[in-house]
Amino acid sequence: MLNFEREISDIGPEAVAFIGNFKIVNSTLMIVLILIIFLLVYFLIVRKFKEQPDNTQSFMEILYENIALFIDQITGSRSKTEKILPIIATLFIFLGFSNLIGLIPGLTSITVGDVPLFRSPTADFNLTFTLALGAVIAIQVVSFKQNGLLGYLGQYFKVKHVYRSFRKGLQEGFTSLIDFGIGLLDIVGELAKVLSLSLRLFGNIYAGEVLAVILIGSLAWVVPAAWTTMNVLVGIIQALVFGSLVAAYYTLSTSTNEG
Amino acid sequence: MEIESARLIAKGLATLSMFGSALGEGYLIGKALEAIGRNPDQTGSIFSKMIIGVALAESTAIYAFVAFFLI
Numbered sequence: 021m022l023n024f025e026r027e028i029s030d031i032g033p034e035a036v037a038f039i040g041n042f043k044i045v046n047s048t049l050m051i052v053l054i055l056i057i058f059l060l061v062y063f064l065i066v067r068k069f070k071e072q073p074d075n076t077q078s079f080m081e082i083l084y085e086n087i088a089l090f091i092d093q094i095t096g097s098r099s100k101t102e103k104i105l106p107i108i109a110t111l112f113i114f115l116g117f118s119n120l121i122g123l124i125p126g127l128t129s130i131t132v133g134d135v136p137l138f139r140s141p142t143a144d145f146n147l148t149f150t151l152a153l154g155a156v157i158a159i160q161v162v163s164f165k166q167n168g169l170l171g172y173l174g175q176y177f178k179v180k181h182v183y184r185s186f187r188k189g190l191q192e193g194f195t196s197l198i199d200f201g202i203g204l205l206d207i208v209g210e211l212a213k214v215l216s217l218s219l220r221l222f223g224n225i226y227a228g229e230v231l232a233v234i235l236i237g238s239l240a241w242v243v244p245a246a247w248t249t250m251n252v253l254v255g256i257i258q259a260l261v262f263g264s265l266v267a268a269y270y271t272l273s274t275s276t277n278e279g
Numbered sequence: 133m134e135i136e137s138a139r140l141i142a143k144g145l146a147t148l149s150m151f152g153s154a155l156g157e158g159y160l161i162g163k164a165l166e167a168i169g170r171n172p173d174q175t176g177s178i179f180s181k182m183i184i185g186v187a188l189a190e191s192t193a194i195y196a197f198v199a200f201f202l203i
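Chains as they are written, first to last, in this note's numbering: chain U, 21 to 279; chain L, 133 to 203.
Read the hints as simulated data drawn from the structure, not as lab findings.
It is possible that some hints are incorrect.
What the hints assert, rightly or not - Below, a sample of chain L positions facing chain U; criterion: calculated Cβ distance under 7 Å:
#1 Tyr159
#2 Ile161
#3 Phe179
#4 Ala187
#5 Thr192
#6 Ile194
#7 Phe201
#8 Ile203
Unchecked claim - Once the Cα atoms are required to be at most 27 Å apart in a straight line, the calculated DSSO-like pairs of lysine-lysine come out as:
#9 U/Lys100 x U/Lys213
#10 L/Lys181 x U/Lys213
#11 U/Lys103 x L/Lys143
#12 U/Lys100 x U/Lys165
#13 U/Lys213 x L/Lys143
#14 U/Lys103 x U/Lys68
#15 U/Lys43 x U/Lys70
#16 U/Lys100 x L/Lys181
The structure displayed is predicted, hence computed values, not measured ones.
For every residue, glycine included, the Cβ atom is placed at its ideal position computed from N, Cα and C.
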């Protein structure tokens, strides 16, 4: 019942248990495991922070400060960083963990029946799509609260801009019609942001898993070890890229003030 | 033509698009090395930005990879 074989996993996650008609998939189990690890770290380490830090606390403070400095480079000012630091740091750490936990040897080979019991959460397109969609919707809501309804719609339907350019002269009016078209294409751009964020993360981690299975099955020791090492690097970099892209989109949407 | 052979041909064609990402990444790394040569003090900062740029330029090749597994 518990054996250690390995086959290429499907694109979609496999069901492990059923509650009524609702299926629980193996990536959900892994997410619960990661959350339990985070809660353990909180209850055992963070609750006991003191004024004079010891080694573990200093390590966590270094981590926090470096993440804040990294986001500073994107947003430009400390006050803006303080607003989005909780979300971006959570994205970094959660995605970093979920990308790397699939590389622990043996963890994803435990099968129940013929279905693996655990699977990297980010190798499941549902998770990456949900995170990307949530981030883009959150950015839209922030922009809506800042600019009001007409200002928010005015970013995409640049009617005011066209009207003012036609008042200045016929030539500028016609060149401003191009800006109108670009404003309409921005709507498509938002959809492209969601798809590109989610597909980049999913593709990197899932393709890494599939290639690892293929390489371990066909070559001896050196090449699979080199590939797994590169997957460690790719996991950290992709978590960084996701978080910093969300921060960059946030900075872009809260700093465009025309005129 | 049977559907299975058409499917295999489509799988092969989907991997042709990874060629463009190699060109783009090579150009990007070349420019980063040039910048390091001009300003060797900033090597750490330029290198980390280059890594993020490479991950972004790799995206379209990853889309092609996912399409390969979907077909």
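So, as I understand it, the hint says L/Ala187 touches chain U; can you test that by seeing if any CB pair is closer than 7 Å? holds (5 Å)
Restraint outcome when L/Ile194 is required to lie within 7 Å of chain U by C-beta distance: holds (4 Å)
Given the proposed pairing of U/Lys213 with L/Lys143, does the C-alpha separation stay at or below 27 Å? Judged against 27 Å, a Cα distance of about 26 Å means the pair holds.
Mind checking the alpha carbons of U/Lys103 and L/Lys143 for me, to see if they're no more than 27 Å apart? violated (45 Å)
Let's test the interface hint: is any C-beta of chain U closer than 7 Å to that of L/Tyr159? For L/Tyr159, the interface hint is violated, since the closest Cβ of chain U sits about 19 Å away, which is over 7 Å.
A closest beta-carbon separation below 7 Å is what the hint needs, so does L/Thr192 meet it against chain U? violated (9 Å)
Holds or violated: is there a CB of chain U closer than 7 Å to the CB of L/Phe179? violated (12 Å)
With a cut-off of 27 Å on the C-alpha distance, tell me whether U/Lys100 and L/Lys181 pass. The given pair, whose Cα atoms are some 21 Å apart, holds under the 27 Å limit.
Are U/Lys43 and U/Lys70 close enough, with their CA atoms no more than 27 Å apart? At roughly 44 Å apart (the allowed maximum being 27 Å), U/Lys70 and U/Lys43 break the hint.
Given the hint that U/Lys100 pairs with U/Lys165, does the C-alpha gap stay at or below 27 Å? holds (16 Å)
Can the restraint linking U/Lys103 and U/Lys68 be considered satisfied, given a maximum Cα separation of 27 Å? holds (26 Å)
Given the hinted pair U/Lys100 and U/Lys213, is their alpha-carbon gap at most 27 Å? Holds: U/Lys100 and U/Lys213 sit about 22 Å apart, inside 27 Å.
Hints 1, 2, 3, 5, 8, 11, 15 from the earlier list are contradicted by this structure; the remaining hints agree with it.
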